[in-house]
Amino acid sequence: MFEKVLIANRGEIALRIHRACREMGIGTVAVHSTADADAMHVRLADESVCIGPPPAQQSYMNIPAILTAAAISNADAIHPGYGFLSENANFATMVEEHGFTFIGPTPEHIRIMGNKVAAKKAALDAGIPVVKGSDGSVDSEELALEVAKEIGYPVIVKASAGGGGRGMKVANSPEELRKGFKTAKSEALAVFGNGELYIERFLSHPRHIEVQILADLHGNVVHLGERDCSLQRRHQKLVEEAPSPALNDKERDEIGTIARNAMVSLGYRSVGTLEFLYQDGEFNFIEMNTRLQVEHPVTEMICGMDLVREMVRVSAGAPLGYSQDEIHFSGHAIECRITAENPTTFLPSPGRVVDYHAPGGLGVRVDSALYSGYVVPPHYDSMIAKLIVHGSTRNECLMRLRRALGEYVIGGLDTTIALHQRLVTEPAFVNGDYDIHWLERFVDEESTD
Amino acid sequence: MVKSPRVSDVNEDLVRKLARLLEETGLSEIEYGKDGWHMRVAKALSAPVAPAVAPPPGNDGIQVEDDPEALAENADVITSPMVGVVYNTPEPGAPPFVKVGDKVTASQTLFLIEAMKVFNPVEAPRDGIVVRIMVSNGTPVEFDEPLLVIE
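Going down the list, the protein sequences come from chains V and S. Under my numbering, think of the first position of the first sequence as 1, with each following residue one higher. Under my numbering, think of the first position of the second sequence as 1001, with each following residue one higher.
No wet-lab data here; the hints were simulated from the structure. Cβ atoms here follow ideal geometry from the backbone N, Cα and C, with glycine treated the same way. You can trust all of the hints, since none of them are fake.
For each label pair, taking beta carbons as the anchor points, the in silico distance ranges come out as: (1) V/319 <-> S/1034: 58 to 66 Å; (2) S/1118 <-> V/407: 50 to 58 Å; (3) V/140 <-> S/1090: 54 to 62 Å; (4) V/407 <-> S/1072: 48 to 56 Å; (5) S/1137 <-> V/63: 23 to 31 Å; (6) V/409 <-> S/1025: 45 to 53 Å; (7) S/1099 <-> V/63: 33 to 41 Å; (8) V/373 <-> S/1100: 37 to 45 Å.
Covered stretches of chain V, as calculated for chain S (at least 3 residues, CB under 8 Å): (9) 44 to 57; (10) 68 to 79.
Which chain S residues face chain V? A few, computed with CB under 8 Å, are given here: (11) 1082; (12) 1083; (13) 1084; (14) 1085; (15) 1115; (16) 1116; (17) 1140; (18) 1142; (19) 1143; (20) 1144.
Generate the whole structure from the sequences, applying the supplied hints.
Pasting the structure below:
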């Protein structure tokens, strides 16, 4: 087992990783920018190393600085968290070349799944149902029009190097496709440095359902059920729940088994999430995330597992120690992502947290690095807390969530707590009757009231 | 700057002596200094962190303060531009780049910082005199860590 793990991230996930390591008796090294010198995980970690100024490129994504910090602190392994370098195959490779263990999937799998065209092909080969679309990348407008004619409008143009909702254009007609194709190409080139595009059938009212898998280095793989992440605004998830209110046990078992078997055939290791758009009873694979996800706590709550702990364990070579039959799901969990933004205008609101009171009680979990007096820096992602509740039924969960949101105090900043409070009483959410467009419409309606 | 004190910066023997003196004499605070720095050892009620947090490990209720002597108006603190291991000589066994009291000129190499087997020079931003050096040879340094003071 590792003696020391370097946490190559910040905020709530860095704290999360520190906690798992601390509970395993593993020493932690917190690397941080100057803006995060007073961060909670930096204070609690066994060691800390300042690696750069606030901008992420010069700190949290500064590969030489992180590797150097690992060398001078004698770390054994590096956990990349999510975002930043977690899905950077070069980073994963360099970590291993320098003699550290990368706590995550293999660089090869990160690379394959990082290219969305290659990912779809790998998924197809592994028996996963994929969205109808172009066979590989589409290099010309003419080809785009041909593909669209074959699969039928509406279509969506996507960047191979994109993902997570970025660089996408919907087209309802050949004219829109011509325009959208051009724009998507130049945007992709500008943002991702790679103008390669592909085309898919656009689904009008899907749910975003993703399956969590976990694999060790010995070929053992389990799926840990699904999460419904349909509540999104501008492709950013706001609320996630497990299990999905839209699936029955048979469907759940089917897609979980497909995902698991695919990962066995790929020889996958560590955690991963297969994302699907689910519409009219059909699953359509869109992409795979080769890292720990923000919303992993809802899976942890219904499975009774510590996913970060499992990541560390399997990376150190330990076998899973349990089979799929031993995985049981219990109750229901919901997570609300709370951001330092105005709940109606979504204008960012960094600043000092003057009063802080987190909710508590049975089935309430808060993953946050906030504390009274903490200054939320403006340089990074605006998510400041995750409120996760668990209940024995979805109804109990909703009641608990309502109660917990009412107790949560984050004074001194604008936060989206009020938005979550409104969501939690909306009939569509209460009934579990929403798709990936619902939240955007709800928010737009609210802002025009 | 790292908040938790690092062992390389702290004269352990001196701290132990002072702490023992505190216990034996029943005093609540002892200050001792020489050569432009001083150390204060006090029976603290709580470690100097935000109330919601446990004190950094290893403090045991004793505060050790390095008194930053007021810098002269024209003094510049040269900080590390990167994380790595600092060396004050061009190669092992050679004389140091600079010593306290030396005159330096702009762009003169003051240290080498090694990261991933690559050595990066830290250069003087202007002419001046070295009045203080805060790091010792072959020790790890963080980004922004004070290395040297020029007046």
